[in-house]
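A.B. asks: Place chain B on chain A using the hints.
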Amino acid sequence: MNRELISKAVGNIDDRFIAEAYRPVPEDASRSPERIVQMKPKRLFTLALAAAVILSLGIAAYAVWSIHTARQQELRSDLKIDENNAESYVEYQVPDTASEGVVLLSAVNDGEEERIYVNVSPVSEEELAGFPGLLHFFCTIDGTEYGGFAAPALPADLSLAGEVGIHTAVLEYAYDRDSSTLTLQCYLMTDMLEKAVEELGTESVPLSIFVAKGEEEPRCFGTIPFSPTEKQLRSFDFNHARYVDPELGKEIEILGLELTPFTAVWKVTYPEAAVFHTPEADWDAYRDYAFLEDEVCVQSQILFSNGTSFSTGGALTCPYEDGAVHLHCGWGSAINIDEVQQIVLGDLVLWEKTE
Amino acid sequence: MTHLEDSKIISLFYERSEQAIVELNQKYGAAVKRTAANILKNRLDAEECANDTYLGVWNTIPPQNPNPLVSYVCKIARNIAINRYHANHAEKRNSNYDLVLDELEECIPSGFDLESELEAKELTEAINRFLATLEKEDRFLFVRRYWYADSVSDLSAMTGSSANRVSVRLFRLREKLRNTLKKEGLLV
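The listed protein sequences correspond, in order, to chains A and B.
Each residue of the first sequence is one higher than the last, beginning at 0 in numbering that gives the first Met the number 0.
Each residue of the second sequence is one higher than the last, beginning at 0 in numbering that gives the first Met the number 0.
If you're looking for bench data, these hints aren't it; they were derived computationally from the structure.
All values reported here derive from a predicted model rather than from experimental measurement.
Certain hints may be false.
[Claimed, not checked] Straight-line C-alpha distance at most 20 Å; calculated EDC-like pairs for lysine to aspartate or glutamate:
no.: 1; chain 1: B; residue 1: K181; chain 2: B; residue 2: E136
no.: 2; chain 1: B; residue 1: K181; chain 2: A; residue 2: E246
no.: 3; chain 1: B; residue 1: K74; chain 2: A; residue 2: D13
no.: 4; chain 1: A; residue 1: K249; chain 2: B; residue 2: E183
no.: 5; chain 1: B; residue 1: K74; chain 2: B; residue 2: E46
no.: 6; chain 1: B; residue 1: K182; chain 2: A; residue 2: D244
no.: 7; chain 1: B; residue 1: K175; chain 2: A; residue 2: E294
no.: 8; chain 1: B; residue 1: K74; chain 2: B; residue 2: E22
no.: 9; chain 1: B; residue 1: K175; chain 2: B; residue 2: D137
no.: 10; chain 1: A; residue 1: K249; chain 2: B; residue 2: E174
no.: 11; chain 1: B; residue 1: K74; chain 2: A; residue 2: D14
no.: 12; chain 1: B; residue 1: K74; chain 2: A; residue 2: E3
Okay, chain A solo, but in the shape it has when bound (with noise of 0.2 Å):
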């Protein structure tokens, strides 16, 4: 085998997929007119709110809740909470008095995960520097062997490259130089959660946020209460419909989908699902059936009421419980499931919205 060829084989691919691929790299990124942009509305936001807070809680007053504040409002606008009526997003009472610590923000069950946003203080520009790379987060629920990781919080559709870019990212989208305060998005899977609360024995569990910097003790920013919250869910029967994949020659029945606002799990069967899942499958004979796995999320199109629609992408995980493969796919911004009118793969009407 010739790698050289091969090398230019893929070299030679069409110009627009290069250019379609095309990412201004972090020295680019800081310049780019498209990011001065996408700044402004933000900083024109975080203004205006600075004024309002200034002229009706004072100025001594003003560093602390704008930062709560403000990010509660940036994270309602970039998950699109309103605008899909993403009624399972939860949003907390925020102090209006300078703290160290830990500020509960909101929380979203997205079916699979708790997504849990947290603002952490102090932490220094020095400390974050080892962002990403040095400097861990993660949470823990105290009293059991449960926990989850954490990260800062970035914008759903923000496309970083490299450790420069990630950071970059981290000092102008989830930190506050002024209050040294980091905005983090924990990640708690649910089922965890519903143990931790079992073997507790209370509504909620104390949630402790902490940082690592490389082998050091970690550091704890403190802890508070955290009750689960409800999840959004949609389920849709497809009454075993069956898709034929005419190339392949092969079959899939698509039982049905269960979708929230972030995320959505596609229930499929076929001959062999359940060898097929397990570590000692033989891909050469799965691999038809993996690509019609993918043809079913990453193909079909949920239509809505707007006339918008939307794919779930690719899964990135698929067990198979319960009789079917589980094929879990997952996003960044809310949709709202309750506007599904039809639900389509290819010619194939898997559901549609009945009067």
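C.D. replies: Coordinates of chain B only, in the frame set by chain A:
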């Protein structure tokens, strides 16, 4: 800082103004260096590659009038970087680009007898057809990994997915490509 439109940069090249290089470097310099550095993993080589790229662009525009300019420039950078890579790595295999080539070899195994430029061209066309069938996100991952030679960790950062998820996705894309090549009769 705002950048000149591509057409204006090209006009500067046509006027043989050295400002063309300055503007090109300001707009796409980082992308050129990154493309080269992904392949060479050596900052000095990448810098030299960028300079060679600008010379290449200077020597070819005019008569060329490329659109999009970014693909044209990055393509020259990639070719120069790969030539340098082959010169530097005649005996050793240790760069990120080796991993990229390993993955491609796994996907285009010995059934595809790449003996000639003609067959390489045939493979290019098949990959173009394959890319056209992909969802935008998948196409982005494929092109960034196998054309721009980005590392999985960089792709993880760009897409907001875990490195593991990116690897799984790339694995599936390679399998899809392999299947496409088989279906088209290019793989035995």
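A.B. asks: All the hints need checking, so say for each whether the structure fits it.
C.D. replies: Quick rundown of the hints versus the structure:
1. Restraint check: the Cα-Cα separation between K181(B) and E136(B) comes to about 23 Å, which exceeds 20 Å; the hinted pair is violated.
2. Between K181(B) and E246(A) the alpha-carbon distance is near 12 Å, which keeps this suggested pair within the 20 Å criterion.
3. Restraint check: the Cα-Cα separation between K74(B) and D13(A) comes to about 11 Å, which is no more than 20 Å; the hinted pair holds.
4. At roughly 18 Å between alpha-carbon atoms, K249(A) and E183(B) fall within 20 Å of each other, so this suggested pair holds.
5. Between K74(B) and E46(B) the CA atoms are separated by roughly 16 Å; this keeps the pair inside 20 Å, and the hint holds.
6. Simply put, K182(B) and D244(A) have alpha-carbon atoms about 13 Å apart, close enough for the 20 Å limit, and the pair holds.
7. Restraint check for K175(B) and E294(A): satisfied, since their Cα atoms lie roughly 11 Å apart, inside the 20 Å limit.
8. Our distance criterion of 20 Å between C-alpha atoms is met by K74(B) and E22(B), whose separation comes to about 18 Å.
9. Note on K175(B) and D137(B): the hinted pairing holds, with a Cα-Cα distance of about 11 Å set against a maximum of 20 Å.
10. Note on K249(A) and E174(B): the hinted pairing holds, with a Cα-Cα distance of about 17 Å set against a maximum of 20 Å.
11. At most 20 Å may separate the alpha-carbon atoms for a hinted pair to count; K74(B) and D14(A) meet this at roughly 9 Å.
12. For the hint linking K74(B) to E3(A), the alpha-carbon distance of about 16 Å falls within 20 Å, and the restraint holds.
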